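For chain C, the structure is supplied; the task is to place chain Z on it using the hints.
Note that the protein sequences, when read in sequence, are chains C and Z.
Each residue of the first sequence is one higher than the last, beginning at 33 in this note's numbering.
Each residue of the second sequence is one higher than the last, beginning at 232 in this note's numbering.
To give an idea of the interface, some chain C residues facing chain Z are shown, with a C-beta separation under 7 angstroms as derived from the structure:
| # | residue |
| --- | --- |
| 1 | Val350 |
| 2 | Thr351 |
| 3 | Asp352 |
| 4 | His353 |
| 5 | Glu361 |
| 6 | Phe365 |
| 7 | Ile392 |
| 8 | Thr393 |
| 9 | Ala394 |
| 10 | Ala399 |
| 11 | Asn401 |
| 12 | Asn402 |
The set of hints was computed from the structure by calculation and includes no laboratory data.
Just so you know, these numbers come straight off a predicted model, no measurement behind them.
Positions of the beta carbon are idealized from the N, C-alpha and C atoms, including for glycine.
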Amino acid sequence: MTSNTGPEQGFSLLGRIFAILFGLAFSGIGAVFLSVIVYSTWQDLQPFFWEEAKCKILTSEFKSADGTNEPRVTYEYDWHGQRYRGNVLLADAPMNRSAGLRKFSSAAGQIAGLEVGKLVPCYVAADSPNRAVLRRRGAWYAFFLPIPLVCVVIGLACIFGAFGSGKIAPQAVSAGLSRRKLLAGKARTAGRDALPRMPTPGGASSAIFRSAKSRRTKAVVFLCMAIFWNGIIAIPILSVTGSLSFLVYLFFVPFMLVGLILLFAAANCVLALANPALEARVSLPLKLAENSSLQWSVQGKVERLEELVFTLEGKEEVTDHRDTSSSLESRVFQIIEIARLTRTDIRSRSGSATIKMPEITAPSFAAANNKIAWYLRARGVIPRWPDIDDAYPVQVVFKNL
Amino acid sequence: MIDLSIDKALYEPDEILRARLCADGLLSAKTAELRLLWFTQGKGTQDIGLIQTMEIPRSSASFTGEFRLPRGPVSFRGQLITLTWAVEAIIDQEFERKEFVLSPFGREIDIISLQTAGGR
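Isolated chain C (complex conformation) (with noise of 0.2 angstroms):
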């Protein structure tokens, strides 16, 4: 028996209209960013190339708004013979502009040392002597320019998987696979439950196993996934005000390499969307001692190809409930390598191979907590590009049954 969904083909449109719409909006909010963080860093940075005067403090206040007190300072400085009145501060960088930003530095804290008459410190621009400055600053902020640049490289992949790879296919399993997933699932129930489900005699089907399906899913976990750890760092470190404001970035910088990482990993999966699409087709179950087929196909840009293995994957996977926390493990047992495809195997574009099953090993079992499982592995090498490691569910039982 022969389980398939039929031939479909391509990214679905409403696929691809969500990719390109979330690839867009994902994509201008990062250039939203990045370019916010590049013109205050260039604004910021100017200072530090400006001549230093003395200026003389007219005027050192605050002034009230939004709740917030604002430092108000007016100075007066000579260039080159003629006097110039200034107000500026800072920089008048975007980021020194953000709610967040100014309580960083307390505004007791900015116009300390400002006392009304005295003679202070303060940059000219060379080409522009009314332009000027009371206090430089380090544009520390430049350092997340990685992030808004990684959602940018993201928002434009998904529009570039979208247009790039119309072959790839959607994955559709079996439904005999499906109907007869594994062994029993709750055994701590009492009488026949307690049994694994074992397939019926003479119920072997094929099932056909694609990539596409998986690969979005996995980018779509992971993009929200930094999405949503970045966006919530992110309102702690810009809130953060007062002295100590050093040990509070120190302490969230472990937070910050997760959220790196994450962004890292979500980008991989989403130029992962471009790799060519496998599709595999196998008889399951697969029976100990017993040989299988396995026929394999790839669409797409098969010439980025290097290698592609397929192998049979068994592993063991426990989970550990503890008071109200949780945690997986697994440990891979055993792999049976199926076929090892070279350049030359892959541009025949599709073939078939033997699964040769081993006499004796574990087959298929789960149960509430614990767990053999079997994948079968696709392993593409390509190279300077995120390679192609997929994983299918496949049921391994007795040879008898």
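For chain Z alone, coordinates are given in the frame of chain C:
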């Protein structure tokens, strides 16, 4: 005191398991049961599969019960999970357990020592 014994330590799927039970307090016991089950041990939270429960008659101090063993899950020993089959006798507050191996391979599957194999 419960004296529980089974006829062998290794069974194949679909085989009949005979459990012999001898207990002093069986005649006056309020509850007396023989259970066939499997359970996991290892890093994960324990799973237990209670396959069959047999009520023990209180007409004599000894009893022999039979269970037809299912096809699986088979006994295996891994790095994270070990699956063990057992027969348990529970008489009031007392219990006794005899563990055995269910496997079609003549031994428990040791998945720690499995090697990679196969080919095109």
